[in-house]
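Asks: For reference, the chains in residue letters:
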Amino acid sequence: MTVVVATTAGGFLLVLAIILPVTAILLIMALGGRWLARIVPVALFANLCVSAAVAWLVARTGEPLAYVVGNWQPPLGIALRADGISVAMMVMTAVIICAAAIFAWSEYSQRHDEPEARAPFVFWCLILAIWSALNALYLGADLFNLYVALELVTFAAVPMVCLKGGAATLKAALRYLLFAVLGSMLYLLGTVMIYGAYGSLDISMLAGRVRAEPVAWIAASLMTMGLLAKTALFPLHLWLPPAHAGAPAAGSSVLSALVVKGSFFLVVRIWFDAMPALRDPAAMQILAAMGAMAVLAGSVMALRQQQLKLLIAYSTVAQIGYLFFMFPLVSLAAPQAMWAGQAWTGGWLQLFAHAFAKAGMFMAAGLIADATGRHRIADLGGTAQRMPLTTLTFALAGLSLIGIPPSGGFSAKWMLLVAATQEGQWLWALVMVVGGLIAAGYIFMVIGKMLTDPSAGASFKPVARYREIVAFGLAVAAVFLGLLPLEPLEFLEIGRPVLAVAVLR
Amino acid sequence: MTMDSALLGLAVAMPLALLAALLAVPWLGKQLPVLLALAPVPAVLAAILSTDGTTLSWPGVLAINLALDQPGALLLGASALLWSVAGFCAPALLGERPGKGSFAAWWLLTLSGSMGVFLAADIFSFYLFFTVVSLAAYGLVAHEGHAQAKAAAKVYFAASLLGEAFLLFGLVMLAAAAPSLMIADAVQAIGGSPWRDAAICCLVLGFGLKMGLVPLHFWLPIAHPAAPAPASAVLSGAIIKAGVIGLIRFLPVGDTPLGWGEVLVVIGFVTAFWGVALGITQRNPKAVLAYSSVSQMGLVAAVFGMGIVGAAASMPVAVAYYALHHVLAKGALFLAVGIVAAYGGALRYLLLPVAAIALGFGGLPLTGGALAKYAIKPELGYGWAGLLGSLSAAGSTLLMLHFLRLLAAMPKPATAHRFKTSVMIAWAAIALAAVALPWILFEPVTGLRLADALTMDAWWKAIWPMAIGAALAAAIFWSRLQLPAVPPGDVLHPVGRVLVPSGARLALAIDHLESRTRQWPVAGMLLVLIAVSLAVVMAT
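Chains as they are written, first to last, in the working numbering: chain A, 1 to 505; chain B, 506 to 1045.
Just so you know, the hints here were simulated from the structure itself, not pulled from any lab data.
We treat Cβ as the ideally placed atom computed from N, Cα and C, and that holds for glycine.
The reader is advised that the hints may include incorrect statements.
Stated by the list, open to error - Per label pair, the in silico range of CB-to-CB distance:
#1 B:A933 to A:Q306: 51 to 57 Å
#2 A:W426 to B:A518: 34 to 40 Å
#3 A:A167 to B:A518: 52 to 58 Å
#4 B:A656 to A:A59: 48 to 54 Å
#5 A:L170 to B:L1013: 42 to 48 Å
#6 A:Q306 to B:H998: 26 to 32 Å
#7 B:V546 to A:P388: 26 to 32 Å
Claimed, not checked - Dumping the calculated DSS-like pairs for lysine-lysine here, alpha-carbon to alpha-carbon at most 25 Å:
#8 B:K605 to B:K882
#9 B:K917 to B:K966
#10 A:K449 to B:K659
#11 B:K605 to A:K449
#12 B:K925 to A:K449
#13 B:K659 to B:K605
Put together the whole structure using the sequences plus the hints.
Replies: Structure below.
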């Protein structure tokens, strides 16, 4: 059976979304780092426009975009496909990468008439590489291409951790690298088994072919574990806190908001698109149980941190946990199916809200560190007086992480909670509520400290206003996601007929 | 949009608009008394002018639906009036300390939420406003900044979050069973839902915590006295009524199972007497008032429960009428404590009206309190519930006499503030309202005849509990009985001594566990283990 995939109108945009950043990197390498200031803004802006155009096309037609490279049909050729969730991820990525770029612009500036410096050159190449690789990850339609994209993301993300140099960050980067490579190996192993058993790696073909049998079970669990290691789902999170806390602020934002979501995205692709036949309820409960442990342990650990960036990193460990409640809650079995749409939208909304809130929060922490040179929560006194906008940024991002209305975090939690209680999955509902309570504890611990008087010897150097505004904008975006209606979003179901049917009650 | 519905929107939006103005134009900080007094004015007007059943739906994506009904209007109007007077007095009573600007910011934010809960017609807006009023009031409790206020604010915050969690759970269950997010639709649909009792239980816990029903009252006597007096006034007067309106909105007569009515009656009476028993052990007049609020809200819960049991359609209005008196009277008493603390010499003008208002809680004839007590008599009935109601009036009398004694004995302030006549006039206004409004509203609201409330029989029923209360107070006073000094928050302290260390131990255990998972061999083992179990569960 051959599945005929045709290139849709505007499908070339998908290719552009991947090769534009790569072209920019090649140009920088060819012309030298002194050209950074001219190439990078053009490339970023152009790719932002591409993402916007893709989103516009998909929203207008309500159909996924596809591109078949060289018109060679899968499984021989490479196909790119943009459905609702990939487009949403693309847009989120575009916005956050551009925000991080503006935020980092002066820190990693390279004037044309100055000698080439190492840090700006590496930083901008990595940012562009991450963007390209993430887009490849969202758009890839076959498991091996996804493996390549996954590796690219890892190899672009790891150096970001040790950009500052120093033994501690180098150690963190090494931990990250080893664990991520281990994850890749497992994923690759699973992919090979799938190919051996079913003779294809194309996701849409696999969906029809993969049956519940030993080879599929083993392959799926290997691939999943590999991806979970990269997503840093508890208890496989050992690399995340030092890595995300050690990177420069703009880098931490991208790592926490986007990079861990990339591998999560693949977990969803595998279980919902490539091998839906394997969606065994008990396996889904295991994923949710890991998520629940992540929520509880991550939140408690965040509460116990003394360094601001480590607190935020542990909060990421916790917030990732919520995403995995999607797996048992989006169920197509008869009684639960009517809540699948709620859970689906709630899960994705949690992903987007966390991305914006966490990016804004890491930037706020970076600004405070730039202004005071201090990193401890105990030294935050006076921040509210001296940096009101940054304090507000932290507070708004915090509202969304806790899930206080109106915010994206609240809407996400609300929809997941409705699905969980209606499907009778009480335990997960309880964990979500308790996680929110602990999150309120650690967020208000920080804000309470910010509101106190400055400690002795604290001095605040001025920081650039525009950087504060960028961070603020991201936090506001997280809050504004809460203005969406509390019902399933059709956009996120574009290209997924099964779910759409389930949602029609 | 009609004038009526515009007022509803303004009631919520005006405080926020003034907050924005205050942040944008620092000069307005000099006009705080006027600013804070004006902020609740649209809400007062809405309560008076807007007709029953006015609604307003926000345009656009953020679906906020407001509606006004009679119980909502009573609570909204009284609360807004108190907010206005307390806001006018606040800058003077806070003295010349810094931080007034941030106090005003928290004040306006809390005010917006406080007005919103009385008007919210859909589940989302209700939760939104409930959250705003609960969490923003943290800033009011913490304002004094000393160690005790900080500790109180922590307790307040933790308790509020707990209440939020209960409420969220309850609302989620309610919403999931409902055809729409409108409260009226949802509460009707809950009857057929398998989660009915779980949902009601969560709602009762959430609202009970806000009202201070035993044993979830622990935060109230800690938080309310810690705040500056104007903030205590709105906390005890207006803010806890979010729980009352919650009960009225979400547990309608007829749709609520009778069993829940009985539960509320029991909890309510326990709370009513608990508040008195613990209140008389307090040495701080504000703590006594806080315990009195606990006791009064207990009575409200009991009346509410009796209404559910007796399927009395008139109950919500009677409860709101009773609560209206509590808003104004308790607000006036807290403000009086603040005025005496600030000016000292003002006591001689205040003692008599304060005594009249305070004893109104015991049912002193001709006061607003007497009418409020009379209005809930039909709901309580004339059996054992009616008797318990009368006995709680005896308790309130005792408690209020204790309060008056402490107020009269308050030390003169070390540094007297500059006496402001305007503050005294504002106080007189709220004190007058506490007496006059129940008189004016009695017949139109309760549907009872005023003449019946003024018969010898009614007077007798009001006076004998007071006599018991006064006799008890005299007995305690003359016998020089030393009551044990129970710290405010009573049950919190023994429970906290168990919970706090065990919580710390749990956190430490999680910490140890987590640091183990961050070791390579352990993480590797776990990875293999989970991979195997994933494959195995799929196979079985």
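Asks: Could you run down the list of hints and mark each one as holding or not?
Replies: Each hint tested on the structure:
A hinted range of 51 to 57 Å holds for the C-beta pair A933 (chain B) and Q306 (chain A), which are about 53 Å apart. Checking the proposed 34 to 40 Å range against W426 (chain A) and A518 (chain B) shows it holds: the Cβ atoms sit about 38 Å from each other. Between A167 (chain A) and A518 (chain B) the CB atoms are about 55 Å apart, so this pair conforms to the stated range of 52 to 58 Å. Between A656 (chain B) and A59 (chain A) the Cβ separation comes to about 52 Å, which falls inside the hinted range of 48 to 54 Å.
Checked against the hint of 42 to 48 Å, the pair L170 (chain A) and L1013 (chain B) fails, with Cβ atoms roughly 31 Å apart. For Q306 (chain A) paired with H998 (chain B), a C-beta distance near 29 Å keeps the hint of 26 to 32 Å intact. For V546 (chain B) paired with P388 (chain A), a C-beta distance near 29 Å keeps the hint of 26 to 32 Å intact. Using a Cα cut-off of 25 Å, the hinted pair K605 (chain B) and K882 (chain B) is violated, with the two alpha carbons roughly 44 Å apart.
Under the criterion of a C-alpha separation no larger than 25 Å, the hint pairing K917 (chain B) with K966 (chain B) is inconsistent with the structure, at around 39 Å. In summary, the hint linking K449 (chain A) to K659 (chain B) is supported, as the alpha carbons are separated by about 13 Å, within the 25 Å threshold. Straight-line distance between C-alpha atoms of K605 (chain B) and K449 (chain A) comes to about 19 Å, which keeps the hinted pair within the 25 Å bound. Between K925 (chain B) and K449 (chain A), the direct Cα distance comes to roughly 36 Å. Violation of the 25 Å bound is thereby established for this hinted pair.
A distance of roughly 21 Å separates the Cα atoms of K659 (chain B) and K605 (chain B); the hinted pair therefore holds under the 25 Å criterion.
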